[in-house]
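Asks: These are the residues of each chain, in order.
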Amino acid sequence: MAVTVSPERDIVANPIQRAIREALYAGAIVLGLFVLFIGLKTDQNISNELILVQRWGLLAVLMIATMVGRFLYVAYGQPFLAKQKIADVATGLLPASVATRFFRLPYFIAAIAIVAVLVLLAGSLDGLLGPALAGYARFVRALAIIYALAWVIYYFRAFILAHFSGLGITALALYPIVVVLVLALYTGSMVGGFQGSLKWVDNFGIQILIYVMLAWGLNIVVGLAGLLDLGYVAFYAVGAYAYALLGTHFGLSFWILLPAAGAMAAFWGVMLGFPVLRLRGDYLAIVTLAFGEIIRLVIINWREVTNGSAGISGIPKVSFFGLISFNVSDPNYISKVLGIAQSGAYYKIFLYYLILGLCLLTAFVTIRLRRMPVGRAWEALREDEIACRSLGINTTTTKLTAFATGAMFGGFAGSFFAARQGFVSPESFIFLESAIILAIVVLGGMGSLVGIAVAAMVMIGGTEALRELDFLKQVFGPDFTPELYRMLLFGIAMVIVMVWKPRGFVGSREPTAFLKIRRAVSGSFTKEGHG
Amino acid sequence: MQYFVQQLINGLTLGSIYGLIAIGYTMVYGIIGMINFAHGDIFMVGAFAALIVFLILGAMFYSVPIVIALLIMMIVAMLLTSLYNWTIEKVAYRPLRGSFRLAPLITAIGMSIVLSNFVQVTQGPRNKPVPPMVSKVYTIDGISVSLKQIIIVLVTIVLLALFWYLVNKTSLGRAQRACEQDQKMAALLGVDVDRTISITFIMGAALAAVAGTLFLMYYGVVVFSDGFTPGVKAFTAAVLGGIGSLPGAVLGGLMIGFIESMWSAYFSIDYKDVAAFSILAIVLIFLPSGILGRPEVEKV
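Going down the list, the sequences are from chains V and Z. Counting from 1, one number per residue, gives the positions in the first sequence under the numbering used here. Counting from 532, one number per residue, gives the positions in the second sequence under the numbering used here.
Only chain V is shown next, with the shape it has when bound in the complex:
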């Protein structure tokens, strides 16, 4: 009988036979899963009847690809990784040495060389290689740039980790300026720079920051107070509709309505908080989910006020404290005041700084609150509700303040969202949004502001980036639309990241209050409390 010392040695021992078996299993499972859904497609014919279209070729390709992939992974990938691990243990190197091996100086020089060559040839790539290969070349260039950036980050990791918040805030503050300047250099004119920056500032910058703010707001409820809230989007909706309705009907300015929307959302947070005070864990989750759905359904059905599914349009723009307006027809329109060319980009850049300011406000308030009695009470509540009560903390007010504070930031984000879109409809406030925000909070590592910001950047930025992958069209043919696969890939990424790092990107739960020395409560040792 063979004595196995460690699973690694077992994997190295006899891989090929195992690989063939596993590949066959994988193929059978893929066949079973996909035979009806990919092998056949339901389609409407001319007389509007459902017919079946057969796609066995696609099914076969998928099956073979899975089998080959599984075979290669089990036969070569697993033994390779296991050998690495054994070597690391034998030589006493830490697992980090894998990263050191990956980020070597010659690789960096090679990546820089590839980027340099491809950038120099950028204009003549199509002529040299033809459109299809040029697409691949651009993809390689992007990968090389990413690798080079990652190398730089890895090389300066100690410095970056030590000054993370400062560097991050500086980078965010400079982001639109850098984008505009780079694009201005690229196109050769300032106007071109502003025009081109629209997509980068709006789709990437503002979009990500809205989610960062929402996730930081939800973090107060879920990450600090440990109350599982699946209906956070309700407060977002309350804020958005508060600004949309009061702004369009009464012409009130954004700067008055922003605190009003926050207060209204906080009020609804308390309204939700009262009935659910006695509930714990998953009962709380389902009631908050139900609350989110109720708000959405009321918005859809209360047509006299909310205009139902059609939504509200023509929501007024934000002005720079009434001094500078972003409406072209106004006398104090920005380009008239400052004497520059007209462009829609100014408004987007202004909105970018506005949401950045709101985000920083959220972070600041969260950090300060954590040091105050109420924040400590939240963290105590998260760790152990019974101990918390027996020490004389009023759990009712603690829970209510958590709901109200979290909801308030949701309301701020909502009114910003309404101002940015100029249009709100119930479509934007579906459960999926709540799920995405919660996923960002958990993936980032609950309670960690930096981790959550990174998670938002990866998940939202990643899905936005999928809109840009036009070269895939050249690979898979013109019918291929990467946008369709956006949410599918988002879901897959959620599962993979969670399985890979169950504690999130930044997975420690450092207590804010401590005696003499700060001792991190290691995530893997604490069991999640109820409630």
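Just so you know, the hints here were simulated from the structure itself, not pulled from any lab data. Warning: the hint list may mix true and false statements.
[Stated by the list, open to error] Some chain V residues flagged as far from chain Z (calculated, every beta-carbon gap over 10 angstroms):
# : residue
1 : Phe102
2 : Ala116
3 : Ala171
4 : Asn203
5 : Ile286
6 : Gly322
7 : Gly422
8 : Gly491
[Said to hold, decoys possible] Coverage of chain Z stretches by chain V, computed from C-beta distances (three or more under 8 angstroms per stretch; other residues unrestricted):
#  : region
9  : 578–590
10 : 613–623
11 : 628–634
12 : 666–680
13 : 758–768
Where is the CB? At the ideal position from N, CA and C, for every residue including glycine.
Please arrange chain Z on chain V, whose structure you already have, making use of the hints.
Replies: Positioned in the frame of chain V, the structure of chain Z alone reads:
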């Protein structure tokens, strides 16, 4: 009175479907303490599988007796969704067992997104209407009962009886109940916990597939996003009845069904979901662990 009885019958039909889905939620919750958010989408996958099998049967044989067709649809849908749920459990939930409570919840939400978008990508985003399969309607004393409704209620009763037998009288059911009470102890006494959990997922998926087939037969249309609303309602039903309790799931399903049909009949159809969710909140305020749920013992 006639109107009331009519609504009672409609509610019973709707409640049966919710009850079948709710059992899947409540069983998984009972055994590993997680909300399986992807269960609603498993239900949708079941309905789609039934639809595709129906089309295959229609294309290959011109006249299959509808009872046999329904039976084949159900069996294929059950096999397929079982495979789906088994794979999902293996890929997304098992690696996270013993991790903190929110981790499997997030993968479950991720899997729910994956399943509905997978069906959207592979089968297209449009509604899929099928010709009516069963159209006979009996009228007794001014109350009309369609054959569809009779089939739904009968199938539900038969399945529940079978299921009750499985859980209460077989060694498999005993293993499940043991795992529900104490996984470590069950493992020490020789129960294969992993296998039992896998079988629980398979059983839940099979019931959801039946519910999906019945849903397709009843409404005659299915779309990729159909998993969400019935899924949330069924989960509401499971919580209302007391999550973890099997009779509670059926009771909760029936209650949600009745509330919905009564509200649409006497008040406004637009707010029927609002009514169902509000009643959930009200019930939970007074009975914080559902109607038949055991109150959780607070331990220090």
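Asks: Now, for every hint given, state plainly whether the structure supports it.
Replies: So, going through the hints one by one against the coordinates:
No Cβ of chain Z comes within 10 angstroms of the Cβ of V/Phe102; the nearest lies about 24 angstroms off, and the non-interface call holds. The claim that V/Ala116 lies off the interface holds: its Cβ sits roughly 39 angstroms from the closest Cβ of chain Z, which is beyond the 10 angstroms cut-off. Residue-level check passed: V/Ala171 sits 28 angstroms from the nearest beta carbon of chain Z, beyond 10 angstroms. Every CB of chain Z lies more than 10 angstroms from the CB of V/Asn203, the least distance being 21 angstroms, so the non-interface label holds.
Taking the minimum C-beta to C-beta distance to chain Z, about 5 angstroms, the non-interface status of V/Ile286 is violated against the 10 angstroms cut. Residue placement check: V/Gly322 keeps its beta carbon more than 10 angstroms from all beta carbons of chain Z (closest about 40 angstroms). Residue placement check: V/Gly422 keeps its beta carbon more than 10 angstroms from all beta carbons of chain Z (closest about 27 angstroms). Under the 10 angstroms C-beta cut-off, the non-interface status given to V/Gly491 relative to chain Z is violated; the minimum distance is some 3 angstroms.
Under a criterion of three residues with beta carbons nearer than 8 angstroms to beta carbons of chain V, the stated coverage of the region 578–590 of chain Z is upheld, 8 such residues being counted. Restraint check on the region 613–623 of chain Z versus chain V: 5 residues with Cβ-Cβ distances below 8 angstroms, three needed, restraint holds. Note: the region 628–634 of chain Z has 5 residues with beta-carbon separation from chain V under 8 angstroms; the three-residue rule is met and the coverage holds. Requiring three or more residues with a Cβ within less than 8 angstroms of a Cβ of chain V, the coverage given for the region 666–680 of chain Z is violated, as only 0 such residues are present.
For the region 758–768 of chain Z, the proposed coverage by chain V is satisfied: 4 residues have a C-beta within less than 8 angstroms of a C-beta in that chain, meeting the threshold of three.
In terms of the numbered hints stated before, the structure departs from hints 5, 8 and 12, listed from lowest to highest.
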